[in-house]
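Q: Given next are the chains, with one letter for each unit.
There are 2 protein chains.
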Amino acid sequence: APCPINGLPIVRNISDLPQDNYGRPGLSHMTVAGSVLHGMKEVEIWLQTFAPGSETPIHRHSCEEVFVVLKGSGTLYLAETHGNFPGKPIEFPIFANSTIHIPINDAHQVKNTGHEDLQVLVIISRPPIKIFIYEDWFMPHTAARLKFPYYWDEQCIQESQKDEL
Amino acid sequence: APCPINGLPIVRNISDLPQDNYGRPGLSHMTVAGSVLHGMKEVEIWLQTFAPGSETPIHRHSCEEVFVVLKGSGTLYLAETHGNFPGKPIEFPIFANSTIHIPINDAHQVKNTGHEDLQVLVIISRPPIKIFIYEDWFMPHTAARLKFPYYWDEQCIQESQKDEL
Numbered sequence: 008a009p010c011p012i013n014g015l016p017i018v019r020n021i022s023d024l025p026q027d028n029y030g031r032p033g034l035s036h037m038t039v040a041g042s043v044l045h046g047m048k049e050v051e052i053w054l055q056t057f058a059p060g061s062e063t064p065i066h067r068h069s070c071e072e073v074f075v076v077l078k079g080s081g082t083l084y085l086a087e088t089h090g091n092f093p094g095k096p097i098e099f100p101i102f103a104n105s106t107i108h109i110p111i112n113d114a115h116q117v118k119n120t121g122h123e124d125l126q127v128l129v130i131i132s133r134p135p136i137k138i139f140i141y142e143d144w145f146m147p148h149t150a151a152r153l154k155f156p157y158y159w160d161e162q163c164i165q166e167s168q169k170d171e172l
Numbered sequence: 008a009p010c011p012i013n014g015l016p017i018v019r020n021i022s023d024l025p026q027d028n029y030g031r032p033g034l035s036h037m038t039v040a041g042s043v044l045h046g047m048k049e050v051e052i053w054l055q056t057f058a059p060g061s062e063t064p065i066h067r068h069s070c071e072e073v074f075v076v077l078k079g080s081g082t083l084y085l086a087e088t089h090g091n092f093p094g095k096p097i098e099f100p101i102f103a104n105s106t107i108h109i110p111i112n113d114a115h116q117v118k119n120t121g122h123e124d125l126q127v128l129v130i131i132s133r134p135p136i137k138i139f140i141y142e143d144w145f146m147p148h149t150a151a152r153l154k155f156p157y158y159w160d161e162q163c164i165q166e167s168q169k170d171e172l
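Chains W and Z, in that order, are what the protein sequence lines are. Numbering-wise, the first sequence is residues 8 to 172 according to this note's numbering. Numbering-wise, the second sequence is residues 8 to 172 according to this note's numbering.
Simulated from the structure, these hints should not be mistaken for lab results. Keep in mind that the hints are not guaranteed to be accurate.
As the list makes no split between identical chains, a pair holds if one copy fits it or if it spans any two.
Pairs of lysine-lysine residues, derived as DSBU-like cross-links and limited to a Cα-Cα distance of at most 35 Å, are as follows [unchecked claim]:
no.: 1; residue 1: Lys95; residue 2: Lys137
no.: 2; residue 1: Lys137; residue 2: Lys48
no.: 3; residue 1: Lys154; residue 2: Lys48
no.: 4; residue 1: Lys78; residue 2: Lys118
no.: 5; residue 1: Lys118; residue 2: Lys95
no.: 6; residue 1: Lys78; residue 2: Lys48
Based on the sequences and whatever the hints tell you, model everything.
A: Here's what the structure looks like:
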């Protein structure tokens, strides 16, 4: 069952955990330890794999986020949020065995600009994630659209709401 | 400088980060992204390597903790905290590509019971960590000794206190 909160085993084999692209070609997302899925309250960990050319949307969130790049390479696009829209982002190469921290509320995007799969462990605080999505780097922050629950939290949040009906 | 909080680069090469055994033979600890060292407020990530036979102390903490085992194998010893002392722990084998979550405040210990290095990514909430150490599994919870700041946070906390003098 995708929402196995009670009785979560202490040790789990990551290879046995469900993964999905959630409608985004080139993505494989797995929630390793999460709030909606596993009852975590303060941290959530994902394992994400991006095929060459695939990318996250341009987005921001107010939680802390740290990446550990396990394999592959790519580019982080990051815009400082001083104006009322992100503006042209700064480009940072990311590579295997690198770590990245995203300043709170800065608009950013990760893209696999390499030739092999980019695999990252993503650690966030204050789960479940609340993501504001931008159509481009010049969209005003106030116009960015909140997507909550996010794709990989949707099913379990809907099921838990059904239980409450 | 070990306490490089201001101007922390967005992308860092993990191979360049300092590591140390902090007086514990068989341990190599690296704070990948931490509060005292890097200004994180809600999550902290360590990369730890245990030589065969080496182990953590028996300890508890009230923050959330998740392990991702990158390589090697070992044993997690975990005691449910229902009585007024931990008592005989349950033994869980841990292995490469497994993930472990430690229930809040449960006394636990990780040991490399394998024949090669055990390497783990450790994610905690509410950094910096406050650890209560037990001499054995039958020591009352109330007698467990608080070690704060913990070894890898000591130097930077002392330096920041000096700045305040």
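Q: Indicate, hint by hint, whether the structure satisfies it.
A: Hints versus structure:
1. For the identical chains of this complex, Lys95 and Lys137 are intra-copy neighbours only, at 23 Å inside a copy versus 41 Å across copies, given an alpha-carbon limit of 35 Å.
2. For the identical chains of this complex, Lys137 and Lys48 are neighbours both inside a copy (14 Å) and across copies (18 Å), given an alpha-carbon limit of 35 Å.
3. For a Cα distance limit of 35 Å, the shortest separation of Lys154 from Lys48 qualifies both inside one copy, at 20 Å, and across copies, at 24 Å.
4. Taking identical chains as interchangeable, the C-alpha atoms of Lys78 and Lys118 lie at most 35 Å apart whether they share a chain (14 Å) or sit on different chains (27 Å).
5. Proximity of Lys118 and Lys95 under a CA criterion of 35 Å is satisfied intra-copy only: 16 Å inside one chain copy versus 48 Å between copies.
6. Both within a single protomer and between protomers do Lys78 and Lys48 lie at most 35 Å apart by alpha-carbon distance, with minima of 28 Å and 27 Å respectively.
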